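Engineer: Listed below are the residues making up each chain.
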Amino acid sequence: MFVYILKRVLATIPVMLIVAIFVFLLLRLTPGDPAAILAGDAATPAQLDRIRERLGLNDPLLTQFFTWMGQLARGDLGVSLLSNTSVAGMVADRLGPTINIALMTIVISVALAVPMGVIAAWRHRTWVDFLVMSFSVLGFSVPVFVIGYILIQIFAIELRWVPVQGYKDPSEGFGAFFSRAILPSLTLATIYIALIARMTRASMLEVLGEDYIRTARAKGVRENVVLFRHALRNAAVPILTIIGTGFALLISGVVVTESVFNIPGIGRLTVDAILARDYPVIQAMILLTAGIYVFVNLLVDVSYSLFDPRIRY
Amino acid sequence: MEFKSKDFSNAPRVLKIRKLKVGLTGRPNAAPVLDGIDLDIRAGETHCLVGESGSGKSVTSLAAMGLLPKGALEVQGGLIDLEGFEITSASPSQMRELRARRIAMIFQEPMTALNPVIRVGEQILEVLNTHSDLSPSEAKKLTLDMMEQVHLPDVERIYSAFPHQLSGGQRQRIMIAMALILDPDLLIADEPTTALDVTTQLQILKLIAEMQERHGTAVLFITHDMGVVAEIADTVSVMQKGRIVERAPIRELLTDPKEAYTRKLLTAVPNLAPRPARGDVAEKDVVTVQGLDMAYGGGGFFRKSDRVKAARDVNFSIPPGRTLGIVGESGSGKSTVARCIMRLIDPTAGKITVAGTEIARLSRRQLQPHRKHLQIVFQDPYRSLNPRWTVARSLCEGPINFGTSRDEAMTKAAELMELVDLPRDALDRYPHQFSGGQRQRIAIARAVAMKPDLLVADEAVSALDVSVQAQVLDLLDDIQEKFGVAMLFITHDLRVAAQICDDVLVMQKGFVVEHGPAGQVLSTPRHDYTRNLINAAPGRNWDFSNYRALDHAPAPKGAIA
Amino acid sequence: MTEFPHARRSAFQVLTGLFSLPPGARVGIGPVIAAAILVIIVLASVMAPLYVPYDPLAMNAMARLKPPSEEFLLGTDPYGRDTFSRVMTGGRVSLLIGVGAALVSVTVGLFIGLVAGFFRAADSVIMRIMDSLMAIPAILLAIALVALNGPSLGSVIIAITVPEIPRVVRLVRSVVLSAREEPYVEAAIALGSSMPKILIQHLMPNTLAPLIVQGTYICASAILIEAILSFLGAGVSTEIPTWGNIMAEGRTYFQIKPGLIFWPGLLLSLCILAINLLGDTARDLLDPRMKKREG
Amino acid sequence: QEDETTITAVMHSGLRVLDPVITTAHITRNHGYMIYDVLTAVDADFKPQPQMADWEISEDNRTYTFTLREGLKFHDGAPVTGADVVASLKRWGKRDSGGQLIFDVTASLQSPDDKTVVWTLTEPFAPLLDVISKQSAVPPFIMPARVAETSADETITEYVGSGPFVFNEEEYEPGVNVTYEKFDDYVPRDEPASWMAGGKVVNVDRVVWTTMPDALTAINALSAGEIDYLEQVQIDLLPILESNPDVTVETRDELGYVTIGRPNHLLPPFDNKLIRQAAMAALDQESMLATMQGDPAYYNVCGAIFGCATPLGNEAGSEILTGGANIEKAKALLEEAGYDGTPIVLMAPTDVTSLINQPVVAAQALREAGFEVDMQSMDWQSLVQRRAQQNPVAEGGWNMFFTNWMVPEISDPLINVMVNGRGDDAWFGWPTDPRVEELRAAFVAAKDDASRNEIAVQIQEHVMDNVNYIMMGEYLIPQARRTAIRNMIPSPVPVFWNITKAAE
Ligand SMILES: Nc1ncnc2c1ncn2[C@@H]1O[C@H](COP(=O)(O)OP(=O)(O)OP(=O)(O)O)[C@@H](O)[C@H]1O
Ligand SMILES: Nc1ncnc2c1ncn2[C@@H]1O[C@H](COP(=O)(O)OP(=O)(O)OP(=O)(O)O)[C@@H](O)[C@H]1O
Ligand SMILES: [Mg+2]
Ligand SMILES: [Mg+2]
Ligand code: NI
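Protein chains in written order, with my numbering: chain A, 1 to 313; chain B, 314 to 874; chain C, 875 to 1169; chain D, 1170 to 1673.
Certain hints may be false.
With a straight-line cut-off of 25 Å between C-alpha atoms, the simulated DSS-like cross-links for lysine-lysine are [as the list claims (entries may be wrong)]:
#1 D:K1351 <-> A:K168
#2 B:K664 <-> B:K622
#3 B:K597 <-> B:K519
#4 B:K329 <-> B:K317
#5 B:K622 <-> B:K822
#6 B:K329 <-> B:K571
#7 D:K1284 <-> D:K1242
#8 B:K764 <-> C:K940
#9 B:K317 <-> B:K597
#10 C:K1071 <-> B:K685
#11 D:K1670 <-> A:K168
#12 B:K597 <-> B:K764
#13 B:K319 <-> B:K597
#14 B:K725 <-> C:K1071
#15 B:K685 <-> B:K764
Hints listed in this document are in silico derivations from the structure and should not be mistaken for laboratory results.
Source: prediction; values computed, not measured.
Take these sequences, add in the hints, and give me the full structure.
Structural biologist: Written out as structure tokens, the structure reads:
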């Protein structure tokens, strides 16, 4: 087990390295000039060039790359070209909101989607199944920002149950956090629920056709025990997998929800940085999100063995 | 051969099925799956249900359990009476109450029938938790007790093992413990031993008999193995196409079958008496295997230790027109040897000479021209033909690879169809439009199309019904006659081996433990392992096709039972 | 009498397999309605230039944000352009993006996947690269790619395609790896068929059915991603109306002119709904396990 | 803590650059006015007024003596000294175009004692006070000498000022939140506040600036009372706020903005004056402004390149722009110039809301006049990089783009970078225009307002003829506040002194 985890962790190194090279090249090939945004509209070309020189943007690409890799190796994420503050600090500030919203989304999604999928599979081809599947297809069909607007309109503007926007850390009181986090989480969860419910249903359908389900029924076990004790655990691996890979979707969704709900998270930070070509920030952010994705999927892989004793490492 | 002969007419009736009709849900006009089944089982009786695949044996048992697949099959008439309780009209919760208490079931595949993610002890315990109010410690004690009764070793450890950590036989014991823990009146066993090798099968059959003795349970035993039937049945019902065509006490059925169908079924069962050996051939051996070793795994950096030595120092040779059988229990390395010879896997060591060429070390490319000398027929007729290809295309693939023109290949394919006794127009059809036996014929035709010198048949008939199996074996015999091809025939069924092989090679754990002419190995085995195998073959003393006991029953001495 | 069965034939079989139901399988009314809706939307979009009343790009500063009327069926947008004309023409581009992204990613993914499944040596390198691509959040990658090439139609399609490719590759590779173990493939080896031949004739057809299913999902999500890219200011230029950028432009008017989001949103959702539903149906029908249970 | 008053304000953009000298970004300038103070400042009548210092001008107009007023202190407690002022002015002089002109004629800038700064010129520079009092784009903010010693090409890393608010570095999140606290030791002037001049009396404890990427969210947040102030409201969204009695919508900055189109004078076809004129004739202010703003109350058809409401503003020769599109004239000009159909590469940003419309409208009008237009969409960052390219179109060059300015940023020929005619040293578009340079020199030398106005008219006429850039009109951006926020002073810079917040 330990050896397996170690191997998996080691295997992420080439992946992250490829991500790093890829991101670096992509960014440097992209037109755009951080010096221009730094200096503002009225700056003259000569002024821009002096700033570029100072920021090291006139160095050859390879030099820039190795400078960056060298910094990374020392654990230094660099300094934002625009705000001149340390990227690590910015990331630290911005990570909290995103992680908290993402966690809440996952909790909500799993709590709703798994039972939905289980029931849909159990009542395969009935109206319950139809309802669940319709919802999950619908969840895929509406752009995230529209869902966000609709939720704001209903719950924040019409009903006035929760604030329109903003973010408060749980340390400032759970109520304050919850009331602001619930709409963005629901917005994000829609697509996630759709994904998980669909996968749960498919996986459960498969498992429900297995012999041991028949065995359990032959023992006279109650239906809910059959579903949740016998079937769900066997269906868990693909569900976990989709929760892991769906995490990428979540990150994409975060970018939009953070805009709509004005949450100071890493999604917005990254988009802003891309639009401003703040290279150190973009590089760090994409490495970070890629790292989170890889880590989550590593966790998922390792957790398989919790659900399926046949999987041993 | 001793048959059971107890009279059950006075025993209380446990299960009574009358005019049972089961059909496809929502399609009352389609041909019914079960059409007017009548069945009686009395306390203590073992009632065997036999018949070809698809005749409705499993459906009958599922109907009795109230477990017909929802949305697919439904009871459309008749009644099922379990000790006065009408099952066809029971509510789901009433049915749940009945199951495990009054009626229990064991399924064929012990691996898939147990939940892979729950500890086996808990799976047994669950029956008690569902149906009784025992305290946890009492329930656990009872469970362990039951596990002792089914002769599981080291019950404390096995209690907390997962199914994949147990052997097939142990898993099936768990199933039996689970089925019998509440002492039901009726035990339904649907092919409980088909997936096990003969020695384990024998133990399980004994166990069921013992439990039946102890608890007085009635048993409905479903099987297609006539040997098993001869061994355990009190009464036999023969099913064909959803009907019961004949019912009789065991001795009567085997000695004096009334129905033509029953006769056909019995005639098809091969004998354990070896076929008469064929005359020696002077020609050079087609294939020679020397010191073949095969170890799986070991490729990775971390896992040098978990190499599986699946074949060790295997030596044999086969002259043209002769058949060598490889027998042995599951996992003994039979397929490994076959796949090495075919070079589907690369042997770790040893020499394989086919038609004069040493092929064990040839590269893919070097091997290509020699491929046509070797062909193989696989066990699973459903997966050995590309489902997307027409039969014609499958048959032409090989010859075209070796330079035959399309038209020529097509003409040959048509001839081959005739050879394997299939209509010519079948060429345009797809595999799913054929039965298993027909597909196996196509697979054989495909192999024969290459005019190979060696034909490897890896369990080529194991998936087939006895009657179909007999036809395919005949076909192989014909082909060998006609083309003089050497054959490597792999099977775990000694009867089949006896019928078709000139020589037999017995494998155990990768080693060859005995090798000799079929007559000698099967009648006077020298190795204990071979003896055990033969002894474990059920109904080995009965000559089914002639409705009488065998003259020269293979009676190895010194065998353990 | 007998003509030689060509490979084309078997691919055709798979396609018809999509529409002919296995015995026992029942397709509800849902997929039929979905197919009908899709056909209507596609036809209406493709033929839009023939019937829309205005040039979808013609601006009219005097007719900004007009409510629906006889003159402007669905009202006008902040540039005074006719929403109806824009929404109907916008469908063409959105669908083009969807279909384009699906085709490109499936084709490229199929090729890479076959190579990865076949060449053991290439496999680990390719899969590491694919893992890396998967790890980069699709939206961020897309924004960066669009920034690189400028927000043209082509670069939006590429930006949507690139993150989808690894998924297709994984799918193809897993199908190839599992199909490799099938006895009929071993039989083909024994019959002396060369590896490329086995790959293309035996293994590739197996990937067709899952790819069709995957393709529908990519198509649906491409249309959505285009909308999100527009929302983030990295979409197709406003000179080319798409459902996505019509919605993105109209999003600030959500409360005062909901029609600007509603109509393109409705068509987009209906379209995606229909495509997804057909994809699901295709999967149910094509999944051999489902077939086994039902047949 | 309980009755601390905080104003939460949503600003037009996120604050990322904290150095108000290195950048011309408005948000950074606004930040500068929060934490820094200036020597002199312009009032609502465009008149320089004392702020940190009074001044005296020598007879020969060559020596300016500034005397710092009492009680000026930096946020770290140190008093403001003449040395700080000198260092700050020098750094500013390296970055600001007006400042550069002054330093070109500077003999010495010294601080004889802690309270005095003496600025000696080699020749008179009449607009000196106007330049150092300007509120845009880069005002000379006074920083401690140690900070001001930072190179002018490098951003400062210490944010200590002597202004009315203290920057809270702890709570600063670049691009998202900035928090300012009242500087208790700030001594305001006694005069009433007027634009940047007068007493900066702070009546609240904290001001928090945030950004909201989504305009609709910001409006909804204001309606719900989650924020107090919205610096810019999209005009089309005003109806949402109108019915809400708790929210007041008004125009704080009456000067507003201009939107302009800039042709590239280096490349064909816009190297041809006639073709530039044709483009100008094809464009129509009214339809562009209407598309951008909708409500006529918020735009102003105005042909004055220095803005219509400024002292120098005049509309000489601008009928071609203000009188509607003249497609006929455009076609005739193109005919005359022998336009060969060379496509106009028009750069169109996709991610800056206030700049999305102009290229789209312009493209349509130009096409109507017979131009071939190749509108290329890109994000603003790609645009700012590309507009610096002098290459031919095929190698990444461009022909035209649009941008916006605040009126004070274009209000005179020294500030307005687009009338710089020094070729490669000029602003993007690089006109080589000796005539305009001549006029600018004359402007600096001019002694009185009358002659300055005279020169401004000449520049206006010249620019209209030569089409250095195309003035597309003025527009206003309303702001919205909770009604409880009172006493905001009208100003082009959103300042937070004088404001009171009543309990709601
Ligand atoms: N779920 C189902 N839906 C439709 N038909 C079914 C279903 N299950 C079984 N059948 C049909 O019922 C018939 C009897 O099947 P059954 O499984 O009882 O055969 P069997 O005698 O047990 O065969 P085997 O020896 O292969 O187990 C077959 O023709 C089969 O096709
Ligand atoms: N691909 C493989 N990798 C690792 N081990 C394998 C592999 N194939 C077979 N084995 C192991 O090799 C041994 C011999 O297997 P083989 O398939 O040859 O047995 P067999 O005699 O054909 O059994 P059966 O009767 O069940 O077909 C078994 O222990 C099996 O687990
Ligand atoms: Mg059966
Ligand atoms: Mg085998
Ligand atoms: Ni034909």
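Engineer: So which of those numbered hints doesn't the model satisfy?
Structural biologist: 3, 8, 9, 13
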